[in-house]
Amino acid sequence: MKTTTDTPVLETKDITKTFPGTLANSKVSIRLEQGEVLALLGENGAGKTTLMNIIYGLYDQDSGEIFLNGEPYNIRNPHDAIAAGIGMVHQHFMLVPVFTVLENIMLGAEVMKGPFLNKTQARQEILELSNRYGLEVDPDAVVEDLPVGIQQRVEILKALFRDVKILILDEPTAVLTPQEIQELFQIMRHLTESGVSIVFITHKLKEVLEIADRIVIMRRGEVVGEANPRQVSEHDLANLMVGREVSLVVDKSEAAPKGVQFEVKDLVVKDPMKGLAVNHVSFAVRAGEVLGIAGVQGNGQTELAEAMTGLRKHEGGTVWISGMETPQANPRALVEHGMAHIPEDRHKHGLILQYPLTDNFVLCTYYKEPYSKHGVRNKKAILTTAEELIKRFDVRTPSAFISAGDLSGGNQQKVIVARELSRDVSVVIANQPTRGLDVGSIEYIHKTLIRLRDEGAAVLVISSELDEIMSLSDRIAVMYRGEIVDVVDAKQTTREELGLLMAGSKS
Amino acid sequence: MEQKTPSKNNWLMTIWRTIRVPLLAILSALLVGAVILLVSGADPLKAYAALFKGAFGNANYLKRTLEKTTPLIFAGLSVTFAFKAGLFNIGAQGQLLMGAITAGFLGFAIKGLPPVLHIVLALLGGCAAGAFYGLIPGLLRSYSGAHEVITTIMLNYIAINLTDYLADGPWKDRSGTNVIARLPLIEDSARIPFFGPVPVGFIIAILIAFIIWYMLERTNFGFEINSVGLNSHASRYAGMKTKLLMTSALVVAGLLAGFGGSVETLGVVGRFQPGFNAGLGFDGITVALLGRSNPFGVILSSLLLGAMKGGANVMQFDAKVPHEIIDVIQSMMLFFVTADLVIRKLFRIIKDTGGEVTLTAGWGQK
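Chains as they are written, first to last, in my numbering: chain A, 1 to 507; chain B, 1 to 366.
Pulled out of the complex, with its shape left as it was, chain B reads as follows:
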């Protein structure tokens, strides 16, 4: 007990211990993908090379990869933040849609504002809509005990149908010959610009990830959120307002997802169109789990998924591989990282005591 443990290498070891399972999960998923490619008669090396080229090969490709990455970072942060409070936010998708459509509406409905102001206003609107959409399950969980997994899934359906209705009804693009359900294009003043090949939205996402990290690691609020997530009884004992904290965790989670939806509308799509954001919120869960619920991990895993999405087209064209293989690989990653026991068995990693994030703590907890 009295012996000093060397603490110099400890943080390096901690990092390694944190990332090895996700890394091995990614590797395993790529291997399984390669086998599937082989079986279907394609050359896996060629396919992966094409995927890489499609993701980073030139400025245009890189630009697309970063565009795909941006909303994933936001959605991943959203899931991560709720997760820290011990909550499983399946509702990032719904919150993202609410943010996207609100930003889209503010983007076209308000005219004549100076660019920066218009962008900020539309972003704020999108964030508020997302936050509101996180507030509902937060209140339900804290004050009635309704489990957030159930309520956010149901709220996702409501958000999908509500946005479909708005896009085909009151807010529909009535211009010219348009017949599809979508909102009008946003004003140019609401468009989030590029910085070289780098979308400004991506830079904002990195910034937000840093802020979230800082919040969780360095502020009292973050300490309280972590405490509630790890032990709500002890948090109550420590005088924290656990119900309020759980609610605010989902509000922040909703805000982040809404932020992501707004950036997608204002920076990539240019309008709200149903279906364009499909699945981003759910990818957020994959990203958060791969990123080990760490904001910087979320950036890395978002880049990975973003690159796969960005490079898929080139891979399909160059290597004649259907881009659906990307979905297979992505699903395998999620599978391996959640079934981390499989990875530990495969690679003979002993379960460490403590320090590990229990990935499924949100289910059936308390």
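Next comes chain A alone, as it looks inside the complex:
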């Protein structure tokens, strides 16, 4: 696998970068050898992406040097980086949705024939590349029609088309299904075998152990350790990453469920494209238990959650919450009846990014006392609450007046969790509560959900991460094509059984 020569293909020496109020990178030195997968592991805000953005020329470092094949190299913008053979696939893809795969790949690196695009030649080159590296993709498909996993391949092809020898993948697995992740790893192995060197940025421990040749761990802007994946355990890595002892399993006692606190009856949501997004779904959640809804993404979970929480009209059925029946649920009424909702999309629904944390902390209760009186806002009371929640939920922020958009994803989610779960709630609906978060935050959010369960709330967790569902739930409902296929006991079920149900086969 490794054809190690003495000089690393890429090396950083003492890279330091500060942003106002934050030391993002402090004397960071890493080496990347020819043909290896180097995993850069760290929590959100550890400085992984900052470092890569410096290498890719998106930021300038304050001090420190970058060496390419032993030569100092000054990278001022992504053009320099690409010219030097460095490519980067960002967490959020940079593709033109209405262009075809071919057009996206050519964009910025056009193959010309006189004044015209030479699509025939480009198509040939792309097909050749995809054969060589096992990156199957139809060059003439329109990008917006492609699943996320394939879009990512297009991004990788885009880099390879520019003859890249060093590939930086920023959290590439965050958006993929388990099968797609395996396919990506296959591709990464193909790439390293043919001499490409890969920097793999992630915070997922299992993946690191599976694919990396070497692991560099970062914490708060510094490199805190290096590890050999064959010699460390997930637990060791987690401790290094977070900087303290963490537990990877959710510590919970036996559930003591009481009466039904939340119930959905015969819910129907139409989808203009696919017929019924939610197909006559019924289930009940009792006080003091966690019901998990498992399923591969896109099987109606989003629509179900939005209909239950009043964000979307539904065509039939009712929602019951603590004795109140709401044929067409309305968010305000649900909040008044004790519902907490952690929405799937924190940027779209969960936060107003331009607002400071103070306003985001009272987004659902701003109209109540003490936050307002006779329609006039009480900023002092809001600030008091905000500061208290920042402390209690360990939100990492320099102040309560920072815009929510300036926080890292994990801290943004903590703001939402703090807001929703600090209220006096009887029903919690958590949709993908830990998506894209680091170990520390996940641990925290899971603990909080279990605490609420033990205090007598009915907790509904919707997640496409099977591990999360299995470790949190007392009962698990599996959704497939808009229907609940089955509800099983979490203690008795197996990963295999759930996998089959998720594929639609009833046991």
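Derived from the structure by calculation, the hints contain no laboratory data. Incorrect hints may have been included.
What the hints assert, rightly or not - Straight-line C-alpha distance at most 30 angstroms; calculated DSSO-like pairs for lysine-lysine:
1) 241(B) <-> 380(A)
2) 241(B) <-> 368(A)
3) 391(A) <-> 380(A)
4) 313(A) <-> 53(B)
5) 391(A) <-> 447(A)
6) 243(B) <-> 368(A)
7) 111(B) <-> 53(B)
8) 53(B) <-> 270(A)
9) 241(B) <-> 265(A)
10) 373(A) <-> 243(B)
11) 241(B) <-> 373(A)
12) 379(A) <-> 313(A)
13) 243(B) <-> 270(A)
14) 172(B) <-> 348(A)
15) 204(A) <-> 491(A)
16) 13(A) <-> 206(A)
17) 379(A) <-> 243(B)
18) 204(A) <-> 447(A)
19) 241(B) <-> 379(A)
20) 63(B) <-> 265(A)
21) 348(A) <-> 241(B)
22) 63(B) <-> 53(B)
23) 313(A) <-> 243(B)
What the hints assert, rightly or not - Going by beta-carbon spacing under 10 angstroms, a handful of chain A positions derived as facing chain B:
24) 311
25) 328
26) 332
27) 345
28) 352
29) 363
30) 365
Each residue gets a CB set at the ideal place from its N, CA and C atoms; glycine is no exception.
Starting from the structure of chain A, add chain B where the hints point.
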């Protein structure tokens, strides 16, 4: 992350960051104006000096400047308020006309009321007419999805033609030898007086600007309006009635423009006469953009535009410069402030993340 950022100087920095682009836009526009003046053979310094003198040189000049400023404040507030809800109110002109003619009608048609009461009544009528004229595009936007830019432009034409018709038809001034299309003079009891050289209408405008600021910054309604403008999905999630809020934002915007039209009729012109209010609503857009959608910014930018309009005549007389140059400068200001990328490039200002108002958010949004 843990480091404390000094928050003492933050608000000063924020103010500076907010006003530097408009300030530089104004400066650039004046420079371009100076070049045009030079090319056409005039002395720019002399012209600008005359402009300044014409705007503030004596009590009479000041009075005219403030008169010109007053409706601009109202129109600017109208555009600003809609803007906060994420809506682009191109219809301030139409709403202003509806307010102006209604106040004009109430001003002459009702006789024998005590002064204060008559003024209040006429103002209320003008505000109601403007508010109604904002309600239409508000309902259309919220409940049918028709974009407010399109509907308010069309409503502007309807307002122009409707007021023309009324001024030349049922409400025409039939007195003596009058042949032009206009309404009769308002009763003296409906006239908004002066306070020294300061028109009372101007004082009302400042007061309203303060109220609007307070509403947006300190009340739940303002919080809701801002929320809807920034993220309507999250606002729905938070339990706000987003459709109702968007509608009410345009109603308030219409009310403000109508208020401005009424003050213009009752305090300056003394009657409704077609053409006398032309362009004020559109100037409101310039004022709002220059004022960075901040009520106090609107006052400042209105004063600037008001001074230019007020001083134009003296400049024409003293420096022998055609007053159309004022329109050129004003247009350049709008150009520079909307094309703020040009200003940022020219003066090498880096785009800050967050905190900045995206000026064109009203277009094609959602």
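Inset, instruction - Would you pick out the hints that fail for this structure and give their numbers low to high? - result: The structure breaks hints 4, 7, 8, 12, 14, 20 and 25; every other hint is satisfied.
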